[in-house]
Amino acid sequence: MPEFSSILWIGLIPIFPLIAAAVIALILFVKPKWHRAAIGAALLGLGISVVISFYAFKLSLSNHTQQTANFTWLQVGNTTVDFGVVLDPLSASMLAMVTLIAFLIFFYSGNYMAEDPNCARFFCYLSLFAAGMLGLVVSNSLILLFMCWEIVGLASYLLIGFWFHKPAAAAAAKKAFITTRIGDLGLFVGMLWAFKETGTLLFYNNGNGLLEDAKLTMLAHLPEPLFGISAIAGISTLIFIGAVGKSGQVPLHVWLPDAMEGPTPVSALIHAATMVAAGVFLVARCYPLFQADVVALNIVAWVGGLTALIAGLIAIGQNDFKRILAYSTVSQLGLMMLGLGLGGVAIGMFHLLGHAFFKALLFLAAGSIIHGCHGEQDIRKLGGVWRSMPVTSACYLVGALALCAVPIPPFSGFFSKDEILLASYNTNPWLFTIAALASLCTSFYMARQVFYVFFGEYRGHEHPHESPWQITGPLVILALFAAFFGGTAKYLGILEYLDADFAAEHEAPVAAIISIAVAVGGLLIGWLVYGRRKIEADATDTLEKATPALFHFLQHRAYFDELYAATVGKLWSWLAFFADLFDAALLVVSELAIYFVRMASNTFAFHTDRVVIDQWSFDGICNGLRQSGFLTSRAQNGFLPAYLRAIALGAVILGLLFWWSLI
Amino acid sequence: MLPLLTVIISFLGALVVGLIPDKHLRATRWIALITASAGLATAITATLQYVLPQGGFQSVLAQAWIPSIGIQFKTGVDGISLTLLLLTGLIAVCGVLFSWDIDHRTNTFFAFFLALIGGVYGVFLSLDLVLLFVFYEIAIVPKYFLIAIWGSTRREYAAMKLVLYSFTSSALVLFGLIALYFGSDLHTFDITQLMTPNTYSETFQIVVFPVVFLGFAVLAGMWPFHTWAPTGHVAAPTAASMLLAGVVMKLGAYGCLRIAIGLLPIGATHWAPVIAWIAVINILYGALIALVQNDFKFVIGYSSVSHMGFVLLGLATLNATGLNGAVLQMFSHGVIGALLFAIVGGSIYRRTHTRQLAEFDRLIDRMPAIAWIFIVAGLASMGLPGFTGFIAELNVLVGAWQAQNSLHVGVLIVAGLGIIATFAYTLVKIHEAFFRRSPAADNPEHPAPSHYPRLTCPEIIALTLLIATTLGVGLFPGRLITLINTGLAPILIALSTGHVLP
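Quick mapping for you: the protein sequence lines, in order, are chains A and B. The first sequence stops at residue 662 when you use numbering that gives the first Met the number 0, and every number in between is there. The second sequence stops at residue 501 when you use numbering that gives the first Met the number 0, and every number in between is there.
Treat each hint with caution, since some may be false.
Unchecked claim - Chain B is nowhere near these chain A residues, computed Cβ spacing over 12 Å in every case:
hint, residue
1, 455
2, 468
3, 604
4, 607
5, 624
6, 652
What the hints assert, rightly or not - Using C-beta positions, here's what the derived DEER-type ranges look like:
hint, chain 1, residue 1, chain 2, residue 2, range
7, A, 373, B, 446, 21 to 27 Å
8, A, 574, B, 446, 48 to 54 Å
9, B, 446, A, 621, 42 to 48 Å
10, A, 610, B, 51, 17 to 23 Å
11, A, 637, B, 153, 35 to 41 Å
Worth flagging that the hints you see were computed from the coordinates, not collected in a lab. Backbone N, C-alpha and C define an ideal beta-carbon position, used for all residues, glycine too.
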């Protein structure tokens, strides 16, 4: 009997979107044209989750201690696999953020996707995604988290490939699935390793959880398995590989920009605000494991830092509206990892929460612009959107300034990015330099994009138009969050809330100045390069004119895809060739095996079963019994002389027996 | 008292339905449905009322019956019988729903059906050997008529074969029960009293165990006494094959566990290796034969034989994990087997009027909903995670692994081959039934309709119930496992104390 404690109800949060997904699947089965019913079901399911999540958030605000509810999922022999849910500041804040943003994006999509003939299917996938994401957040067990992680990956795959008739979309979906799966393999192996050593996959379980002192000490005292890397660092690094895949960190970042082939609300929800942040969340969730060995945290910090810089640079060379934002997401996720690695849970998570709002805003606004400009995504063919789409443009600018961490007036991103820079300044000057350069890139590419899209003359065909309120409404709400979330949350003590042991970093004026300087400086350079002169249609990019080699390098995304094609791809082809040879041999063997199985099956079915068991044994015995019946019945034929003969014979036998007994 | 209501309700329902004149079709169906649902509701209530921490037999009702030779009317439930009561209730309801279109002697059909259900409930409830045997015999008679009157392919032969197998095996059981009575000094048929250790000597156990076990195992479809099952399943009308596969085969397995292993643990320990080998033969042999069947229903019939092999293997492990897996597999196969028979013998046959796989022409286009439901059921049957079959087979196999000092490692290998064969026949038959173009379908005289009629309401309800159960329990098996564990506890104690005897 599972011991249900009171907190189990937060497990309901992912259940409602799941029910919604099932209901929509049913609608699809019966009435595929009922778009409104599907949208309504999705909004209702998520709406209930929003209410429960905010109630949970409120509870967590008043009581920071962690509450868990665990139950045995299955028991095989002496091994139990446990599931559970946990409510702590980490999950509560994620719940509030994810449900709120998801709800806004659902609402936005209700209008954005209304024209699509497969609208109901879209909402089915979206609800499935929400269920998986929320399940991932509330999970108190690594195995449950992993299952939700896979659901989320599946939903992402389905949504990237939603317009699967476009070859690019189908290819992007496949790429995303395979690339993230490489990461998942790491997570899976890490999970098995942790289970083997500790016998539990629960995070918190009254002192016996994976992340609690008893097991951590146990793990820390294990012998070093290889190359002087401790077991605990090995486990954490493997878990981090999962995060690298999901959160698009170098070198597994290549799928994320391609994922922009999905509908824009998907990019906003999954590939900007929530799912890609799941990797960061995973590291934050397992932070005690990482903390136990500084090697793991260093790996996190360096991977994060390099990702932030590389992606920031590549973003400069992109011309696709959404791809710039995608690389920006990769870069920001890198900063979050850097924050986690150097600063701690609070700093990384603070940036994650703030980033979710303004990045969702940027994507949704970008969607609104692309919609308004008749599907044009190339920033060189946009321009002057400011005049025809004022609300969207204003919201976009707020988001962009928040992303650039502009200090006056203090936008959301400023506070969290400042914390990350400060933390790196105090610990690692190299990473600080990298982070500062990444921030400089951020401001520069955002300035480039803004000047291209919003100012000057409209360079496309057909005039752009502003979107209806169902689309601008969510934008305005998100813009408010993008503007005020960071400052308010910091003032209210979010850092102390997220991490009970949070100690404010030693203030360093130099860091603060550099932080402001790169944010403003990037914008300034951007204005110098792109803002001063009117941009002509078909003109070469100013930067391209200056340094064509570098620009092309960046435009081709630092040739990562080509590199992979030349190395991993080549290796793969060779392996495939040998596997093919091996396969041919196996094929012969397996054909033979199948032939023998068929032979055996036929023998068993038509000879053993039908002839030996049925005909000979069963029917044989039955017939034998029947025949013996005939024999005995023949004795009773009413023919008197026969009876007399039998009596005489019997008398003789009796007489003989009697005589035999006498001698 | 409450669990006994299941028996009373079913027999009363059988009586009422049987007395309704033949022309009142609707009344007959509805009364049958209400009776079956009341049985299920009673089983659920009894399960909820069962006090888990206390364990053991509860709601015990004992009444002297023939006191001179110690026969009692004694009933009660523990974790194992509750699991099977729930299964019986569920299959009964779904069976009635799948008999909704029977219009030939409807009243008699449902009367026999409910009488069979009543007998089955009775077996699972009985705590007295004679009472159990009486119910066991009661369950045999209606089966004959259900198959012989409402059946199809070679129905008289199949019905007679089934009855002969049943009666012959029950003769063995009867002999065994009498031996059990005289083998102890307790002068009682009370199962709970006979379960006390040291009741039977080691030699007695080793001699009597195979008799009792074989007697029951024939009804569980043990090789080579399994051929009644496919023939009977195929000939039986849909509801009866659901019951046969879903519940009646469990009667045999239940007897093996409760009486053969429960009362004769030393005998069980002695014979376990043999049973394990026969069990894996069941698994592999059934699966291989299913692979080459041309009649869709025969495929399912042999898959039942194969799945029951897992029950037997679980019984042969004689440890907590394996026995738990055995009972779980009884439940799991009960649900999944009934589901498969419902789709193949009911939904598909009703529409195509043939079961020959060669005549099925891309049914996925012609009946998409049914095809997808069958594919889901096929996944469940293959033991994919998320369905009950996975948990059950995993427990059985882990149990067999743990029992390595008594079971040969070859057992596991053959069981593994059996699992592969299960995958093979399921996928091959799904392909043949739903995705393959059939040359026979181009017959211009009888063109196959492009769309067969949709699923009817009773069909949808029954299929949903069955799939929801296998998925629900498959995803959250914790409660059922705990329930079964409480039931197994005394048997495990008997097994462990049995070992230390000289």
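We went through each hint and held it up to the structure:
At roughly 54 Å from the closest C-beta of chain B, the C-beta of residue 455 of chain A stays outside 12 Å, upholding its exclusion from the interface. The beta carbon of residue 468 of chain A is kept farther than 12 Å from every beta carbon of chain B, the shortest such distance being approximately 41 Å. Not every CB of chain B is more than 12 Å from the CB of residue 604 of chain A (nearest about 4 Å), against its label as outside the interface. Listed as a non-interface residue, residue 607 of chain A fails to keep its Cβ farther than 12 Å from every Cβ of chain B; the least gap is roughly 8 Å.
Under the 12 Å C-beta cut-off, the non-interface status given to residue 624 of chain A relative to chain B is violated; the minimum distance is some 10 Å. Chain B leaves residue 652 of chain A outside its interface by the beta-carbon criterion, the shortest separation being 32 Å against a cut-off of 12 Å. Residue 373 of chain A and residue 446 of chain B have their C-beta atoms about 49 Å apart, which leaves the hinted 21 to 27 Å range violated. Between residue 574 of chain A and residue 446 of chain B the CB atoms are about 50 Å apart, so this pair conforms to the stated range of 48 to 54 Å.
Between residue 446 of chain B and residue 621 of chain A the C-beta distance comes to about 43 Å, which sits within the given range of 42 to 48 Å. Look at residue 610 of chain A against residue 51 of chain B: about 51 Å separates their beta carbons, and that is not inside 17 to 23 Å. A C-beta distance of roughly 36 Å is found between residue 637 of chain A and residue 153 of chain B, which places it inside the suggested range of 35 to 41 Å.
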